[in-house]
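Visitor: One-letter residues, chain by chain:
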Amino acid sequence: MKDSALRRRIFADRAFQVVVVFLSFCSILPMFFILFFISKNGITSINWNFLTKLPAPVGETGGGISNAILGSALLIVLASIIAVPLGILTGIYLSEYRKGKFAYLSRLSVEILMGIPSIVIGIIAYVWVVKPFGSFSAVSGGVALGIMMLPVIVMSTEETLKLIPDTLKEASLALGVSYPRTILKVILPAGLSGIVTGMLLAVARIAGETAPLLFTAFGSPFMALSLFKPVSALPLTVFNYATSPYPEWHALAWGASFVLLVFVLALNLLAKVGMRKWKVQF
Amino acid sequence: MEGPVLKIEHFSAGFDSNQVLKDINLSIFRNKITAVMGPSGCGKTTLIRCINRMHELIANARVSGKILLDNEDVFDIDPIIVRRKIGMVFQRPNPFPTMSIYDNVIAGYNLNGIRVAKVDRDRIVEESLKKAALWDEVKDVLHRKGTFLSGGQQQRLCIARALAMDPEIILLDEPTSALDPKSTTHIEELVVHLKNTVTIIQVTHNIPQAARISDYTAFIYLGELVEFGPTEKLFTVPKDKRTEEYLTGKFG
Amino acid sequence: MLESTGQMIQPMNRADQETQAQAARLRYRAGLTLSEPAFRKILYLAGVSVLVLLIAIFLSLLFASLPSIKKLGIRFLIGRTWDPVTSQFGALPFLVGTLVTSFLALLISTFFSIPISIFLGYYYREGKASSFVKTVIELLAGVPSVIYGFWGLFFFIPIIRFIEVELGAAPYGVGILASSLILAVMIIPYSASLGREVINLVPTDLKEAALSLGATRFEVVRKVILPYARSGIFAGVLLSLGRALGETMAVTMLIGNSNFLPTSIFSPANTMASVIANEFTEATGAVYLSSLVELALLLFVVTTVINVIGKVVIIKTSVT
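Protein chains in written order, with my numbering: chain A, 1330 to 1611; chain B, 11 to 262; chain C, 63 to 382.
Bound conformation, chain A alone (with noise of 0.2 Å):
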């Protein structure tokens, strides 16, 4: 009797292990169906002309990303140029004023920001530059993919300013260092390559965005890299590719997916090997 409930317990642990593995293994499997199918269907699309060529009107074959990648890459420094030297201050702020109310707000600001839909965003891009600029431009999508780098720097920034031992900035104010040049040039420096993984991570974010350019930089076929014109974007041109009616836009999204999962997934992980390898010891 005894002994036949101890075998149903055993028989259950083991079962429940089984299907505890099984079901983490079907959870991952989804990263090895997109990387085959984006692999797959974009990796022939993926030559020289079709990095450094315009996109070519309907029914003609051999266009390319080139204003795509271009127009990313503008949105990326324009969002980092707003991003980054706010977000690194705000993280020195939050990580020196760890206690008071004022500090507790502003930690709990850039948390909120965090979890704000990336379309609601796109929004407040159009209603603050697109509406009172009276176009579509790079600058409103810089504006909107900004918001949404900062509070990734900010947060990363606090964290990595958290972990470096009060001894340190200890050590420097009693040499006669002042706080100012304290902070900048003997903690900022000690927590660097927790800002620079967090900068990485934060690229990665903004870089697959589509809903904040949809109303902000809206994509352009042309390659005008201009500030204040729409610009396209990789996500913007997979998205409106995959969409369309026509199998040789197909194809360039197939080969526009492939590039953009590719810098994405490089990022992360050069961003994980970066936080093993440059990590500052103590």
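Because the hints were derived from the structure by calculation, they are not lab data. Quick caveat, the model's predicted, so the values are computed rather than measured. Beta carbons: idealized from backbone N, C-alpha and C, even for Gly. Certain hints may be false.
Unchecked claim - Cross-link-like lysine-lysine pairs, in silico, DSSO-like; alpha carbons within 27 Å at most:
{"no.": "1", "chain 1": "A", "residue 1": "K1498", "chain 2": "B", "residue 2": "K141"}
{"no.": "2", "chain 1": "A", "residue 1": "K1428", "chain 2": "C", "residue 2": "K378"}
{"no.": "3", "chain 1": "C", "residue 1": "K103", "chain 2": "A", "residue 2": "K1491"}
{"no.": "4", "chain 1": "A", "residue 1": "K1491", "chain 2": "C", "residue 2": "K196"}
{"no.": "5", "chain 1": "B", "residue 1": "K155", "chain 2": "A", "residue 2": "K1498"}
{"no.": "6", "chain 1": "B", "residue 1": "K155", "chain 2": "A", "residue 2": "K1606"}
{"no.": "7", "chain 1": "A", "residue 1": "K1460", "chain 2": "C", "residue 2": "K132"}
{"no.": "8", "chain 1": "B", "residue 1": "K155", "chain 2": "A", "residue 2": "K1491"}
{"no.": "9", "chain 1": "A", "residue 1": "K1601", "chain 2": "C", "residue 2": "K373"}
{"no.": "10", "chain 1": "C", "residue 1": "K196", "chain 2": "A", "residue 2": "K1606"}
{"no.": "11", "chain 1": "A", "residue 1": "K1608", "chain 2": "B", "residue 2": "K155"}
{"no.": "12", "chain 1": "B", "residue 1": "K140", "chain 2": "B", "residue 2": "K205"}
{"no.": "13", "chain 1": "B", "residue 1": "K155", "chain 2": "A", "residue 2": "K1514"}
{"no.": "14", "chain 1": "B", "residue 1": "K140", "chain 2": "A", "residue 2": "K1498"}
{"no.": "15", "chain 1": "A", "residue 1": "K1606", "chain 2": "C", "residue 2": "K190"}
To be verified - To give an idea of the interface, some chain A residues facing chain B are shown, with a C-beta separation under 7 Å as derived from the structure:
{"no.": "16", "residue": "T1496"}
{"no.": "17", "residue": "A1500"}
{"no.": "18", "residue": "A1503"}
{"no.": "19", "residue": "V1506"}
{"no.": "20", "residue": "S1507"}
{"no.": "21", "residue": "R1510"}
{"no.": "22", "residue": "K1514"}
{"no.": "23", "residue": "P1518"}
{"no.": "24", "residue": "V1609"}
{"no.": "25", "residue": "Q1610"}
Said to hold, decoys possible - Footprint (simulated), chain A over chain C, 3 or more residues, beta carbon under 8 Å:
{"no.": "26", "segment": "305-316"}
{"no.": "27", "segment": "333-339"}
Dock chains B and C against chain A, hints included.
Guide: Frame of chain A; chains B and C shown alone:
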């Protein structure tokens, strides 16, 4: 004997509603080693952190009274200047992890943006490392990061870093408590040598160490200066009963 | 000892210290070197800026929604017809679409994410299998939404069309089911990481106590880990819900873009996010545009509330 280099007069300190130090009156003599000892929590670390104005970095820190360095109250001078005249070495060695050994020693200049000719920089680094008895061990690897050294070597690096600023006084906050016995001996020998160059105030809870190396000893208990005097006298014929009890291990 | 100018100086002459000290004070006052109060003020301003940004976002959304709030009032939330041509803006179909897809996605994903949390947080906390799975999960979390959508178009749609044909339903392929599935796949990595962290935090001595009493690992999970981590897992579910509600691109590509109230799991529909994505650039007229902004405002408020509640629950449980 000339006048004391540091005079602490009716000095009290604390933070929030805690009163950590009560009415301390103490003189520190030039080129001598003064040990500050007492049980944990007695306020000895707070005392030296007040001397180089590090105590006020804690929120809600309060001080009253005077600490006179060469007859000028440190609380009237810019704290940054105070800290350049009074160096500090901490309990756990804390070399700057992103800097080489060379840059660590000269950090006080680099970080403050004080430009020094290369020739002088090399000289300062070499002299400071020699005074810290570390030169021979690191002279060929000055470009390597400071964190690769052993604990005892790192602590000597921190001493060299403090010495490079040519301070009048160096405060040592239990500098050997995180080190092994061999390194501890090295540092103790080093400190005794150093008193020819700088005045030393060393906080320690290691009673034998205080007896070994110091010229004067101050015994602090529950925030009060219980007794102060030449080490030999204090250890052999303590005037206060509490001093005697501490020395014989009745509490600590 | 104190200048930061380009002058070369001979260091360490004690007699000069006082004059140099005064010089330094003058320099600080002249603002030629960064003084501590100025620096702290800059930091403080940075801290203020994020708060200001958040408030500005909320206020902008509110003001831009005012035309439709004033004109439509509650009809916005309960009206079933969204027809810009006749100026009817009832958003109920999108509220329903959003809630149904999100909750369905949550249900499906929890079925997978809890096992993965247990896998990573208890069974295989260290080792090659664990880091491999962890890395894949993190990478999955980083795949852009539009790529999920693109993949879904070619992976899920044919399967669903096949099922629909078998069941005799209209073979749209796109619709609530398709978008819920892709949403589920997208939030699994998110809720799995949260769940793993929570399960990881279950104190070792509790687990060991149970094991030493003869419990199997399955029983430890059921009787010790899950009850202990219950609120943390709940918070994770809540935060995943917040994520799902705001997800736009993959959903837009798979939901079929229909403004009618969905009637079945195979109906094409729209969510609040997808209708904005689809119609914003073509919206003409103040009320039309402002209705779409009102949807964005709604999304903002709902996701913010959910995220804050989730975070509060996490803080409460990790403090214990």
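Visitor: If a hint holds in the structure, say so; if it does not, say that too.
Guide: Tested hints:
With a CA separation close to 25 Å, the supplied pair K1498(A) and K141(B) stays within the 27 Å bound. Between K1428(A) and K378(C) the alpha-carbon distance is near 17 Å, which keeps this suggested pair within the 27 Å criterion. For the hint pairing K103(C) with K1491(A), the CA-to-CA distance comes to about 20 Å; that is within 27 Å, so the pair holds. Of the supplied pair hints, the one linking K1491(A) and K196(C) holds, its CA atoms being roughly 24 Å apart against a limit of 27 Å.
Taking the CA atoms of K155(B) and K1498(A), the gap is near 18 Å; set against the 27 Å cutoff, the hint holds. The straight-line distance between the Cα atoms of K155(B) and K1606(A) is roughly 16 Å, inside the 27 Å bound, and the hint therefore holds. Restraint check: the Cα-Cα separation between K1460(A) and K132(C) comes to about 21 Å, which is no more than 27 Å; the hinted pair holds. For the suggested pair K155(B) and K1491(A), the alpha carbons sit about 22 Å apart, so the restraint of at most 27 Å is met.
With a C-alpha separation of about 25 Å, the suggested pairing of K1601(A) with K373(C) holds against the 27 Å cut-off. Restraint check for K196(C) and K1606(A): the C-alpha separation of about 18 Å stays at or below 27 Å, so the hint holds. Simply put, K1608(A) and K155(B) have alpha-carbon atoms about 14 Å apart, close enough for the 27 Å limit, and the pair holds. Between K140(B) and K205(B), the direct Cα distance comes to roughly 14 Å. Compliance with the 27 Å bound is thereby established for this hinted pair.
Simply put, K155(B) and K1514(A) have alpha-carbon atoms about 16 Å apart, close enough for the 27 Å limit, and the pair holds. For a cut-off of 27 Å, the pair hint linking K140(B) to K1498(A) stands: about 26 Å separates their Cα positions. Among the hinted pairs, K1606(A) with K190(C) is consistent with the structure: their alpha-carbon atoms are about 19 Å apart, no more than 27 Å. With a least beta-carbon distance of about 4 Å to chain B, the hint placing T1496(A) at the interface is held under the 7 Å criterion.
Of the supplied interface hints, the one on A1500(A) holds, with its beta-carbon coming within about 4 Å of a beta-carbon of chain B, less than 7 Å. A distance limit of 7 Å between C-beta atoms decides the matter here; for A1503(A) the minimum to chain B is near 4 Å, and the interface restraint holds. Interface restraint check: V1506(A) against chain B, minimum CB-CB distance 4 Å, threshold 7 Å, status holds. Against a cut-off of 7 Å between C-beta atoms, the interface hint on S1507(A) holds, since the closest Cβ of chain B lies about 6 Å away.
Given the 7 Å rule on beta carbons, the hint for R1510(A) holds: about 6 Å separates it from the nearest Cβ of chain B. At a threshold of 7 Å, the smallest CB-CB gap from K1514(A) to chain B is about 5 Å, leaving the interface hint in force. Restraint check, P1518(A) versus chain B: the minimum CB separation of about 5 Å is within 7 Å; hint holds. Checking V1609(A) against chain B by beta carbon gives a least distance of about 5 Å; that is within 7 Å, so the hint holds.
Nearest Cβ of chain B to the Cβ of Q1610(A): about 5 Å, under the 7 Å cut. The hint holds. Closer than 8 Å: that is the beta-carbon criterion, and the segment 305-316 of chain C has 7 residues meeting it against chain A, so the requirement of 3 holds. Here's how the segment 333-339 of chain C fares: 3 of its residues keep a CB closer than 8 Å to some CB of chain A, so the rule of at least three is met and the hint holds.
In summary, this structure violates none of the numbered hints.
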